[in-house]
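Trainee: Protein chains in written order, with the UniProt record's numbering: chain A, 1 to 633; chain B, 1 to 328.
Watch out, some of these pointers could steer you wrong.
Mimicking DSSO-like on lysine-lysine, the simulated pairs with C-alpha atoms at most 27 Å apart in a straight line are [what the hints assert, rightly or not]:
(1) A:Lys310 <-> B:Lys216
(2) A:Lys312 <-> B:Lys282
(3) A:Lys307 <-> B:Lys51
(4) B:Lys282 <-> A:Lys310
(5) A:Lys340 <-> B:Lys226
(6) A:Lys334 <-> B:Lys261
(7) A:Lys370 <-> B:Lys226
No wet-lab data here; the hints were simulated from the structure.
This is what each chain is made of:
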Amino acid sequence: CFIPGGLDCSISFVSHVLGKVCIHGRQKEILEVLVPRLTDLTKSDCIWQRICWRLVECVPDRWVEAVVLGFVQRAPGADVLSRLLGNLVVKNKKAQFVVTQKMLLLQYGHTTAVLQNLLGYLSLESLRRTLLLRVLQELLETWSSSSAVKHSPAEQQLYISKAILICLSHLKELEIESCRQELLTSMMEGVKCHLDSSLPQLQRLGMVVAESISLKINTEGPVLKFEYEEDDEIRELKSLLVQTPPFCVVPSLPDDDRSEKAGASVPLVPESNEKPHTAAPVMPDEESDAELDSDDDLIPYDMSGDKELKIKAPVYIRDCIEVLTGSRSEDVDKWEATVKALESLVRKNPAATREVSVELAKILLHLEEKTCIEGFVELRQRAQVAVLTTDPIPVAKYLTSQFYSLNYSLRQRMDILDVLVLAAQELSCPKFHGKTKHSGAQKPCIQLLPGSDSSKDWRRIVDERIKSKTRRFDMGQSRVELASRPNEFNSVAGHFFFPLIQHFDRPLTTFDLLGEDHLVLGRLVHTLAILMYLAVNTVAVTAMGKALLEFVWALRFHTDSYVRQGLLSCISSLLLSVPAERILTDMTEELLETQSWLGDVMEKDPDGDCRRLALQNLLLMENLKKKLEAVPS
Amino acid sequence: MALPPPDPQFVLRGTSAAVHTLHFSCGGPEPGIPLLFSGSENGFIHVWNLKTHRVDTALDGHGRKSVCCIETMGGKDRLLSQGRDQRICLWDLAEGRTSVTDSVFTEHVGFCRCSLLKVAQGRWLMAMAARSLEEVQILELPSKTSVCTLKPEAGAKLGMPMCLKLWQLNCGSQPVLLAGYEDGSVVLWNVSMGKALSRLICHQEPVMSLDFDSEKAKGISGSSEKVLSIWSLNEQQNLQVYKTHELVNAGISDITIRPDKKILATAGWDHRIRIFGWKKLKPLAVLDYHTATVHCVSFSDHSNPQERLLAAGSKDQRISAWSIYAQT
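Bound-form chain B, shown alone (with noise of 0.2 Å):
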């Protein structure tokens, strides 16, 4: 006899305005208040102290633009987040301090989603889309120096870039980029060379978003259709389906996997969200909490594995944080 699925351990009120990317900031060395933050539509980035479950913090930096992703790099003293005004901006939150130290001017005026990667000690490596519509560009941070773009070979009509996921084996392994475009194929990218390793078709419509473990060389993309699908890559640094997954709802805005490999969760266009055991993608829970659409999910990043939370952000201005599979 299954339970049904759990209720959220707690809401997040108060945004204003739907909610368009989360990003924990709950480890670290020193012990601190575990945040959330979030962005918005109305351009704010919220940060949440999660004891008391009120706003720290709200920075205002992208000219009331939505904000559509953010990103820690190193800590939480240091934010990059990325706003439809074309820019991303890097924010010093230390000792209380709310400022952009700088800024980089994308001329992008899609949605897609900047990836960050850490290569060495304070040095990252971004990947954005760029003002050309089918180019990807990879910047050095915080030098802002361009080390390549990656266009795709004339006539290969791929469309916009809609999701990007940068990663790379191990440190000091040459960084890899997956991409997703709006014809619904995933190209894999030597970022070095800035040439296309592999290209495969997983989707009739465009990738919404993708996630890739890269331990076991697998990845999973959703679009705006019914399908799931699930990718691996193989010696050879070819793409190949692995599976595929049917919804009951068509529609996924989002999905990640959580640090631990376990399981991993897709925020739906149906208001639900979905929890997968990652190893063979068996459906765990479904998550019916939202009144609109749910655009952004994000596995918090506790080192204590009891007090891990899933946090989930929608159109209909809230953020439901569950605490899901948090004993395994």
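One chain only, chain A, in its complex shape (with noise of 0.2 Å):
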């Protein structure tokens, strides 16, 4: 380092020594001992702040975007980054565009940390703080864009809100006025994109910024509040609206169940309008004794028998089909009653279910809630289970016709699926046999993809065998055999599937799978890669698999990302499932084509998730033929 020493010197030789260092991908070293250096020297001093700037001004356009990324990069704070940069910003127009175009819209993959120099480097200076709400306006134009939010990954999309909620934070009060009306406007279409995406993490990220939005625009008045799940993510997301220093998180959502105080405590107070309050209550017991004695000559009867009064069920199928369609509005009692000892009664009595089996069924399906009872749903869902379980074959079908009918709501068509797939693990499963186990059991609060969960349980599922597959250990006699049993779901496998898959591209008034209601489709899509999994060992699984090949090829472009994570999961259980020499007889032309789409998917699809599925159906296609070729034909 030299010292000025009242001389005019030129340090744009510096200047070029470090822009050829860092184009050269150097800049870990030469900024690891430049950055800490300066920051101590331009601490006070200001002869070197103005000597810094002068140093980055003076890098030749072609090295200013390495020189300006590594120190962003580098500077531990924005004040820093603002000593050492001043308002190049404003006065390069390549550092300009790499500042708030490229490192903003065009990468993402910085953290947080540079994300916060960045914007805080902006906002310090009123001449850049012009910058910081051009950059706004873009950061909301990307998010508020549909294309944007459905073809974007995930990655980046986050990073985008994590920009947004940064620079809402450092928007002072007139900033925010004049800019109201915009923000507003993006806020509503934004919102809207983000919520008609079907991956929950997307419609997460569109609820918390919006929230931020409207909290900063609404300072007074309601704000617009959504509910769902907190993770770290969203936890992290909203720490970032506050300016404070670090690690201060913003307290949560106020909790939706207030603890109730308990009822029956009298309170203790006279209210008096006029005469002065007396002394506390209760009166003494020694009143009482000298009456003693009058009173004792009443003697009192039995009164074991008052117990709390309980309302029976009845305990007759029919009676309770009687019961839920009777149009006595007085007896909602009895109505609570029977809707709770449903499932119990169906299982313990097969044979008089089956009679009234499809009854019950559409019964169930059109059930809807008369008193507020807790888990309505889930008793509904646990009665539908039952009943198409006792008697699948009817009420499959049943259901299945009912999926693509009119005048349904999306909810009971969804419901329809569910139930589905819960009587066909129950049914395939051994040892799940009268015990229901439940994956994805209905949470109270409403959430926009109830039941996702349900798949994500199922992927791990398909993951974990997969894994147990590609590693092929021999496990040996570890665990005990569990007792086996005839495969419940080997009958009926078929009459679960095939009516489910017929009528998809055929829309009707009210119901477009390959339309408007996309968000059907994806579960639908999912649901068949349950089943597929499930009907491993039965006698129809071969034809599934032709049927589903077909159908997932007919599909395998759609535009939403949640359908194309269901068809690839649906690639994955037909190989699970399919026996391997049935695959490769049957199916070669198929299996090749989806192979070469696969290998697309791999590489260009937009999602995560889509590229990690589709490489695990390639590794799995892999396996497939190597097990081929090491048996010996």
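Starting from the two chains in their separate frames, assemble the complex, guided by the hints.
Mentor: Given below as structure tokens:
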């Protein structure tokens, strides 16, 4: 380092050296030394600050990007960056492009700290604040564009959301006032695109950002509030909204369940309008002692029968049907008791249930909540599953036909799919016989994608199975053999599967799978994947596999990433369930086509999960080939 | 070894509608037939002959709207009935007549039963809920002049009056009104001045029914929750909670204290009638006969203590009569 000593000196050659080193990829080495030194020197010394600014300004344009990027990444804080770079971003066009466009909109790999540095730097000086506003507008444009939401990867969307929140945290009242209208418009459009998406992560991102924008523009009055589960990502996002020293988490949303005070305690407060309050209450017992005798004359009767009144649920299935369809609106207690008791009654009386199975299924599908029972949705679903497993073929026929009928709500159609999956799981698993296990129980608050958790669970299970297959472990007899039962799903798998796959391309007036209702299509595809997976060892599995391959082929270019993930899960299930020999003899050509499609997906699909699933499928195919080559023909 | 509870002495059937109110008329100077008046949901008032256990007369005066309260005014010949057709009717039943001599249009659409108090020979005070939702009107009968209107202060938010009881400590003293409201509080009103003397919040739910023992200055109230609340009135005319008692099942429709102040009966939504000792609220019996909500209970006014009865009317259209603790 050199001392100016009152002389004019040019440091442009140092800038050249710096630039050249950075462009050759040695940013880390040189800036590791340079940045801390400059930080110290510029702390209080204005001259050094000017020198530093001159240094970066003189870097030739072709190397500016590398230098600026390096500085932004290395600087320990926004204020330091401000001291080091000065108003470079205003004076130099290239630097402006890098800072306001490239790092925010074209790249998305930088950490939150880097974002904080960058945006903090922009906010620290009034000349740069105009850039901050412009940056915010562009970020919001991207955030609210529906094509960006559909086609850009989740990581990029997270990055943009973080950037938006940090910008918002830096804005002052006046600035918010001036762009309030634009903020509002972008928020409305953006929230719509985000909620439209089928992926829960994107929905949550949209909700958090929309809430934050609403909070900023409506300082008094009602703000937008969504209901969602908080995870670490969300908490981190929310903490960005407040510019305080790090690790200060904004208090989370108020709990929806406020604990209610228990009822019966009686407040001992006499309220008197005119007279002064008398002292507290309870009269001593001594007074009654004197009159003890006369009370003892009255001998109490036996009161052991005085218990809590319990409404008896009906004991016969047909009685249940009468109560549930009955028009007697007064007997709500009985209706509640019936709903609670229905599942166990159905399981205990399979013969009686089989006589009225379709009627019961119809009643349950249309059953609406008459009174407020806890867990009504789950009770209804369990009863439906019980009916379906007791009499699978007619009830499956009914339910699958209703899936494609007019005048059902999306919720009801998705209910049908959920019930089919749960029943299939029960029928195909020997150890769950008799006791239903629930993956994906409904939670009480209204979520936008209820039950999508079940598809995640299944993905995990499928992944585990794939892992176990690729590693080829011989586990030996380490586990006790489970009692074997005939596979009840064998005779009915086809009845569950084929009717669902039949009419997907035939739109009805109220239901268009290939059009607006892509959410249901996504759920349908995931359901088919699960049914395929559960059909392992059944007779119909090959036919199901072929039909599924055709179905996947028809939909492979669908724009919704949730649907694509489902399609790839279908392929995984197919490869796992259909016996290898059958795949290679009956489906060779289709498989080859599928393989090339999977390769394409793996390289070019914007969604990370799709790429991962495609890779897994290709690995499974490889294993299949190897396995068959290993077997001597 | 406690005895099992007794069975009803007899059961009256034939109202063909839920029974909402009962009133005995068995005392009186002249030996006459003991009568029980019952008001039903179909608007009929049945006069039951307690010797034959049959209906002597059926009075139809409320346009098929439910009858919610029946009182006699000095003997069995003059009857007052309140119905949900917003009318209170005065009947003349002497010598076999069944005519409505007078009626008061209350304009009240709620369920609050009126309360009657004899203040002088031939003069009664009647408290009833008025048209405006929070007010109670006091009328003098038979002149039907308004004595006062008891309006809670603005912002008190008491809700509708649910049950009323007019009483006076002895003849000649000031009549006072106890009113139970929808917010669970009981208010003591001074009728002549029209002002509230004391307010006590006894329940978290609306007060369904209350009764008061003027000798001991103690009262009891029941609500739609599981708690019975006993409160007392001290010398400064302030209400204070004395005791609470928790029941097994929630909901009380009616409470009444026997005229000799020894026991009280409650009518429950769980189809059961409960008997308690009044002194210490000791539970004495649970009478489980009815198959639907018991709407009302009433003690008879027989002059011979041995003949005393307790009657209960229920939604299952039956009136059960019990002879319980009649010997004491």
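Trainee: Next step is simple, just say for each hint if it's right about the structure.
Mentor: Hints and how they fare:
The suggested pairing of lysine 310 of chain A with lysine 216 of chain B is violated, with an alpha-carbon distance near 38 Å, which exceeds 27 Å. Taking the CA atoms of lysine 312 of chain A and lysine 282 of chain B, the gap is near 31 Å; set against the 27 Å cutoff, the hint is violated. As the CA atoms of lysine 307 of chain A and lysine 51 of chain B are separated by approximately 35 Å, the hinted pair breaks the 27 Å bound. Between lysine 282 of chain B and lysine 310 of chain A, the direct Cα distance comes to roughly 25 Å. Compliance with the 27 Å bound is thereby established for this hinted pair.
Of the pairs offered as hints, the one joining lysine 340 of chain A and lysine 226 of chain B holds, with about 24 Å between alpha carbons and a cut-off of 27 Å not exceeded. Between the alpha carbons of lysine 334 of chain A and lysine 261 of chain B the distance comes to roughly 39 Å, so the proposed pair goes past 27 Å and is violated. For the suggested pair lysine 370 of chain A and lysine 226 of chain B, the alpha carbons sit about 25 Å apart, so the restraint of at most 27 Å is met.
Taken one by one, the earlier hints fail for this structure at numbers 1, 2, 3 and 6, listed in ascending order.
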